[in-house]
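Residue numbers (this note's numbering): 340 to 633.
Hints should not be assumed to be uniformly reliable.
[Said to hold, decoys possible] The following label-pair restraints were derived from C-beta to C-beta distances: (1) Pro458 - Ala606: 45 to 55 Å; (2) Gly421 - Glu488: 21 to 31 Å; (3) Arg385 - Asp472: 24 to 34 Å; (4) Glu488 - Thr597: 25 to 35 Å; (5) Leu615 - Arg549: 12 to 22 Å; (6) Arg385 - Pro510: 41 to 51 Å.
By construction, these hints were calculated from the structure, which means they are not laboratory data.
Note that beta-carbon positions come from the ideal geometry of N, C-alpha and C, so glycine has one too.
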Amino acid sequence: PVVCADAAHADRLALALLENRRLAWPGLRVEVPTGLATRFRFPPIRDGPADVSVLGLGADEGLDGDPARLLRCRELLLVATGAKRADALHAALTGPVDPAAPASLLRAHPRLTVLCDPPSATRLPGAAHRAGDHVAIVLGHRWSGISAEHRISHESFERLHRAERLVRRKPTRAVLLTGYSATGGLSEAEQMALAWRDPAVPFLLEVAGRDTAENATRSLALLLALGGVHRVSVVTSAWHVRAPWFFAPYGRYGLEVTVRREWRGGAFARMLADELRKAPRAPAQRRQAWAAVR
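Input sequences plus hints: build the corresponding full structure.
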């Protein structure tokens with residue numbers, strides 16, 4: 340699970356994720372059960388599956404319905420806060436898959452994101468990561484024109500491997516995977532999530548950013564909602580010389596940013612030449628991206 344600073348930040352992060360999805364998918368259909376209605380205000384869905392369902396662990400918070408209906412959603416957000424949820428969260432994430440623990444059935448969903456606060460996470464392993472103030476952001480990169488799908492490139496996989504090496508050395512609260520989809524299929528972030536290999540470090544998906552400037556601004560909302568984050572590592576390719584420029588404004592929010600560069604990947608000279616060609620437009624891109632979220 341992604342452990343937020345406190346219960347209020349868990350709610351804020353859930354709402355920030357929903358806002359990110361709304362930017363990515365116009366007409367987003369969100370389902371929130373009665374037990375959470377006072378915290379997440381969305382109109383009820385009366386026909387067909389939701390795009391995103393927000394659930395809690397209480398009996399009145401959505402887990403007493405049809406699990407198949409939940410599994411049809413594109414994405415599930417499970418929110419657990421308070422010490423009274425510690426046993427249920429432990430059973431949901433570490434116990435056997437059992438109908439007696441309905442939340443454990445949701446582990447079959449490929450886009451399940453679990454958000455909790457420290458009291459609800461007391462029975463879970465990985466305390467060192469929960470106490471950290473570091474988050475890694477992995478920037479997605481796609482092949483252009485290689486297929487009808489919005490397919491990530493070798494650059495994305497090498498960046499993922501660089502992030503995996505990083506989190507083994509540095510306690511990391513979460514890894515933020517970024518990148519959108521122009522085709523309606525799996526986003527760059529979702530494709531990278533399928534390849535993430537470190538089960539000790541949870542990931543969050545930023546799926547609305549269409550370029551690096553928007554990845555920076557739209558990731559910031561998730562970092563601030565998480566709470567307690569002070570250090571950010573941006574993982575990208577060595578040729579990606581514009582990346583520090585786009586993330587420089589993070590310092591205004593008390594965030595210390597370090598760019599971690601991966602040298603392995605595609606044709607370095609060609610990628611660098613393309614970066615330098617795009618560099619004159621970087622200031623305007625950054626202004627537009629920040630103006631859109633201000």
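Evaluation of the provided hints:
1. Pro458 - Ala606: 45 to 55 Å: For Ala606 against Pro458, whose Cβ atoms are near 50 Å apart, the range 45 to 55 Å holds.
2. Gly421 - Glu488: 21 to 31 Å: violated (42 Å)
3. Arg385 - Asp472: 24 to 34 Å: violated (43 Å)
4. Glu488 - Thr597: 25 to 35 Å: holds (32 Å)
5. Leu615 - Arg549: 12 to 22 Å: holds (21 Å)
6. Arg385 - Pro510: 41 to 51 Å: holds (45 Å)
Against the hints set out earlier in the document, violations occur for numbers 2, 3.
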